[in-house]
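For the record, the sequence lines run as chains A and B. When the letters of the first sequence are read in order and numbered with the working numbering, they come out as residues 13 to 342. When the letters of the second sequence are read in order and numbered with the working numbering, they come out as residues 47 to 157.
There's no promise every hint is true.
What the hints assert, rightly or not - Among chain B residues calculated to face chain A with C-beta under 8 Å, some are: (1) L125; (2) T126; (3) T129; (4) N132; (5) A133; (6) S136.
The hints are simulated quantities; they were obtained by calculation from the structure and are not laboratory data. We put the beta carbon where it would ideally sit given N, CA and C, even for glycine.
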Amino acid sequence: MSVVFSVFMLTLLVITTFAIVRTRHLFVAVVLTGIFSLLIAAIFFLLDAADVALTEAAIGAGIATVLFLGALALTGEHERGGSRNRLLSLAVVAVIASILIYATFDNPRFGDPQAPVHQHVSPWYLDGTREYIDIPNVVTAVLGSFRGYDTLGEVFVVFTAGIGVLFLFSAQPRRRRSSSQPATGPIEGEGLRHYLIPRVVGRMLIPFILLFGLYVQFHGEYGPGGGFQAGAIFAAAVILYALLEGETRALRALPASVLTGLMAGGALLYSAVGVAGMLLGSHFLDYSVLAADPVVGQQIGIVLIEAGVGITVAGVLISVFHAFAARESV
Amino acid sequence: MTIDMLIDIGSWVLLSLGGFFVFVGGVGVLRMPNLYTRMHAASVTDTMGAILIIVGIMLQAGASLATVKLAAILLFLLLTSPTASNALASAALLAGLRPSESTAADTERHQ
Chain A
13 MSVVFSVFML
23 TLLVITTFAI
33 VRTRHLFVAV
43 VLTGIFSLLI
53 AAIFFLLDAA
63 DVALTEAAIG
73 AGIATVLFLG
83 ALALTGEHER
93 GGSRNRLLSL
103 AVVAVIASIL
113 IYATFDNPRF
123 GDPQAPVHQH
133 VSPWYLDGTR
143 EYIDIPNVVT
153 AVLGSFRGYD
163 TLGEVFVVFT
173 AGIGVLFLFS
183 AQPRRRRSSS
193 QPATGPIEGE
203 GLRHYLIPRV
213 VGRMLIPFIL
223 LFGLYVQFHG
233 EYGPGGGFQA
243 GAIFAAAVIL
253 YALLEGETRA
263 LRALPASVLT
273 GLMAGGALLY
283 SAVGVAGMLL
293 GSHFLDYSVL
303 AADPVVGQQI
313 GIVLIEAGVG
323 ITVAGVLISV
333 FHAFAARESV
Chain B
47 MTIDMLIDIG
57 SWVLLSLGGF
67 FVFVGGVGVL
77 RMPNLYTRMH
87 AASVTDTMGA
97 ILIIVGIMLQ
107 AGASLATVKL
117 AAILLFLLLT
127 SPTASNALAS
137 AALLAGLRPS
147 ESTAADTERH
157 Q
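Whenever a hint applies, use it, and build me the whole structure from the sequences.
Structure follows, in structure tokens:
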């Protein structure tokens, strides 16, 4: 039954992809990309990768769609005519596709327990999690502790991407960011203040979205979740507030300086936990020395670095959204 | 006939009915003449489809944490879906799509 469902979802995925490629209307393409993310999140879930599914749904289908729409508001909704050299593009795509399809023949059978990926370090991670870290969610243990370097790298990628976007937007001549000169009163007509129903429902939901973000953040050791997902959910709550109440109010609640601090602070917190391990006489990012009991030390370390991840991701996503929105009001 | 079996039957009836309403909503979105009537069809999926399917799954889950989570999801859907429909409709009105005119325009385009 699960196989039938997977094939059905994959078929939908292919159809969505063709629709994205075929459409000339960029607004339609953005919405279809959101649908694509949601479908692939469902497929990840069918493959028992709940953590990845949650990330894909929160970031791919949620925040990325909003950011794409923000970008569309600055540009245009219609694709410019493509280049004339269609045959060349087709040839390149055909060659690459056939190489990739040829490569799949060497793949182990789907779900094969003898596959190399299940034989290399995975058994050690599964056993080691119980012995060294003792939390139910192995994914969090692998991400946070065993492969802490990789996750640190990811956080710095997010951080660097955020800085890059902010630089790109500040390079153009434009009105000063409203953050540097907070307006004296709420600007009437900003956001959706005149639309009663979205505003009432949105205001009612925002606290619960924030609460759910905290749950995802701190429940990551026990179930699917963690800093990346929680950061995206937090950002979604703030973006919803900004859409409903207007940029000015959102920036008054969370000023741009605070957001920049969050962006850097999360990455710094992560690195500081690593350095603390060194100062206490072990390796960088070895959390075992953070407490008298190595297992408790690992758990403290994972909670701290997940908090760092969440802070940076939320800060970057909200800053990028504000950067788009500030351009829009030029 | 045990109580478990009754619950199971009830759950499957709800799930099938919910599936039917989702299907009807899908057909409506494809067949209706203009945006507002299409939204009306889609809202059948949001409300009747979602309620019946989630209650059906709740019966399957029994008295457990999963049921509480499903109830939270149902509450969330019942709050957000009509709001989204409302926002979509007012955005369409704001963009100048009049319900009566658009019907005429759509039929003209199809002919």
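Verification of the supplied hints:
no. : hint : result
1   : L125 : holds (6 Å)
2   : T126 : holds (7 Å)
3   : T129 : holds (4 Å)
4   : N132 : holds (5 Å)
5   : A133 : holds (5 Å)
6   : S136 : holds (6 Å)
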